[in-house]
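Engineer: Here is what each chain is made of, one letter per residue.
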Amino acid sequence: MSSAAVLVLTASFLASAVEAVEALTIVLAVGITNGWKTALLGVAAGSLVLLALVVGIGPGLVQFIPLSSLRILIGVLLLIFGLQWMRKAIRRAAGLQSLHDEEAIFARNVAALGTDPNKNDIEWSGFVVAFKGVFLEGLEVAFIVLTFGADGRESFLPALYGALLAFLVVTVVGIAVHRPLAKVPENGMKFVVGIMLVAFGTFWGGEGIGVEWTLGDYMIPVLIAVYAAAAVVALAIVKQTSASRAALAGKAGA
Amino acid sequence: MKYITGFAAFWYDFIVGDSVVLAIGGAAVLVLGALLVHWDMRGVAEVALPAIIVGTLGLSLRS
Chain A
33 MSSAAVLVLT ASFLASAVEA VEALTIVLAV GITNGWKTAL LGVAAGSLVL LALVVGIGPG
93 LVQFIPLSSL RILIGVLLLI FGLQWMRKAI RRAAGLQSLH DEEAIFARNV AALGTDPNKN
153 DIEWSGFVVA FKGVFLEGLE VAFIVLTFGA DGRESFLPAL YGALLAFLVV TVVGIAVHRP
213 LAKVPENGMK FVVGIMLVAF GTFWGGEGIG VEWTLGDYMI PVLIAVYAAA AVVALAIVKQ
273 TSASRAALAG KAGA
Chain B
35 MKYITGFAAF WYDFIVGDSV VLAIGGAAVL VLGALLVHWD MRGVAEVALP AIIVGTLGLS
95 LRS
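As you go down the protein sequences, you meet chains A and B in turn.
With positions in the first sequence counted from 1, the corresponding number in this note's numbering is that position plus 32.
With positions in the second sequence counted from 1, the corresponding number in this note's numbering is that position plus 34.
Just so you know, the hints here were simulated from the structure itself, not pulled from any lab data.
Some hints could be false.
Each pair of labels, with its calculated beta carbon distance range [said to hold, decoys possible]:
1) B:Val65 with A:Val209: 45 to 51 Å
2) A:Val204 with B:Val81: 26 to 32 Å
3) A:Ile97 with B:Phe44: 21 to 27 Å
4) A:Ala268 with B:Asp47: 28 to 34 Å
5) A:Arg140 with B:His72: 48 to 54 Å
6) B:Leu69 with A:Ala143: 49 to 55 Å
7) A:Val160 with B:Asp47: 15 to 21 Å
8) A:Lys69 with B:His72: 36 to 42 Å
9) B:Lys36 with A:Ser35: 47 to 53 Å
10) B:Val81 with A:Leu99: 21 to 27 Å
We put the CB at the ideal spot given by N, CA and C, even for glycine.
Chain B with its partners taken away, still in its complex shape (with noise of 0.2 Å):
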């Protein structure tokens, strides 16, 4: 139990770090240019990619 323990914590601590805004906002950001590529909105999500990326960034400045 205890090396399954160490080894949850090493990775958390390898992908979360000590920001869990960056970890959910990175994954949530290609969520986001998915939509906008099935609604046919490429050239939005071109913009809105790198846009939410320093919006997540900026939000993580904060915390």
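So that you can see chain A by itself, here it is in the shape it has in the complex (with noise of 0.2 Å):
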């Protein structure tokens, strides 16, 4: 396995894992308040639309539209939503965001589906939520695979492979520990996947439009060494600011 695949492999396990995380509090939480039955059919059909779309859409994606364009495309959407989560994470990690709290969300959605006396009836607001969960979380996931897998290189089954690694485990586990799995570092998980995402994005969105990257392939660490530092750096910036924006405020209100 080459090393660009590995990283591929790398980034959508990691990617993959956080949002099957988030899937699993809903689903949990469903279950515990509507009973499995409800949960599971939630799972599947969610799981089922997920699929359709990913076939219906994916193979498409390569025979209609040309090589460079995808990768304009594809580089476009990485920088995107990398960049969405990497902003996210340096937010996070400095305190001006809230963690993802996965014990709360899972108590919210605990008391906002109510507990169901009869737990072998299938309950439609929990079958709802349960679609929705994995439907949206997936979609993420989906994104994340077809763009890897749309650049027409050897990437696709790595990305797939990770994206599946990645819902066992964590299904494995939820199945084992039966709560949400509040220890996984999310945040951490983010910041990683949003700097190779973008790393990703730089590299195929620059050849698709026309760039030739010295290093070639070898070029991806390069970039991702350099966002790792760029983060680092915004990261303690951004700290710094809000440590002094505060101390200001704390002078002010005295």
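Taking the hints as your guide, dock the two standalone chains into a single complex.
Structural biologist: See the structure below:
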């Protein structure tokens, strides 16, 4: 397996694990409140619609859009998506935005759904919540796998394997612990994945517009290192700025 | 109409998220890169692309 394929697999695994943990939290809340029949039916329906979408759109992308145009499209999407993840992770790490709290989300969902006294019946409101949870979180994963796969290189299978492995690991751990996976370092994973998506977005987008990278595929790890360094510096600046603002506000209040 | 609005809102949230700067910056950086390539400044584009992307991230963190 090439170094680029390993990087794609890692990025896909981490991104999918983050989304799978979020979907698991919602499904667990539905299962516990409305019964497992409702939750699993929602999971099955959400997965089927997602699969149909991926199978329907995926091959068409490669067949009908020229590769250079596709690379530009992939590049733009990966850049936007990756930069969003990086920004969110930096703001969360700096304390400007609350961390993703699976326990709180779980409690909120349980309270909203209420306990169904007859858990053997299908509760349609719970079904919709489980369906949406799986479909929407899965859509982000499908987006990442499709964009990696649509590059037309040997990237689709590593991306797909990474996503499948993540879902397998999260599902097995979720079944074993039977509660939200609150200890997963979601923000750290988002930070790493964001950096990797931006690096791939730069590389493929650049190739799409005609940039010939001097280092070839080895430019990907270089870009990862550059963006990681930039993210660390950005985090330090954001932390320092927010601390200065807090100190100023404290002085003004005193 | 309700469904069309909902559909548009979903994709807006999915692509743009909570920072318009990143959505515009992500697309603009490749447009700028394409112009550099067009003007035969490929070497400059190789350095400019990551630099502008880092700048875009910095700008989005200020807002």
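Engineer: Run every hint past the structure and note whether it holds.
Structural biologist: Hints and how they fare:
1. Judged by the Cβ atoms, the range 45 to 51 Å given for Val65 of chain B and Val209 of chain A holds: they are separated by roughly 47 Å.
2. Separation of Val204 of chain A from Val81 of chain B is about 45 Å and departs from the stated range, judged on CB atoms against 26 to 32 Å.
3. Range check, Ile97 of chain A to Phe44 of chain B: about 23 Å between beta-carbon atoms, so the 21 to 27 Å window is met.
4. As the Cβ distance of Ala268 of chain A to Asp47 of chain B is approximately 30 Å, the hint placing it in 28 to 34 Å holds.
5. Range check, Arg140 of chain A to His72 of chain B: about 51 Å between beta-carbon atoms, so the 48 to 54 Å window is met.
6. The hinted range of 49 to 55 Å is satisfied by Leu69 of chain B and Ala143 of chain A, whose Cβ atoms lie roughly 53 Å apart.
7. Evaluation of the 15 to 21 Å hint for Val160 of chain A and Asp47 of chain B yields a pass: the beta carbon distance comes to about 19 Å.
8. Here the CB-CB span from Lys69 of chain A to His72 of chain B is close to 59 Å, at odds with the stated 36 to 42 Å.
9. A beta carbon spacing of about 49 Å between Lys36 of chain B and Ser35 of chain A agrees with the range 47 to 53 Å that was offered as a hint.
10. Between Val81 of chain B and Leu99 of chain A the C-beta distance comes to about 25 Å, which sits within the given range of 21 to 27 Å.
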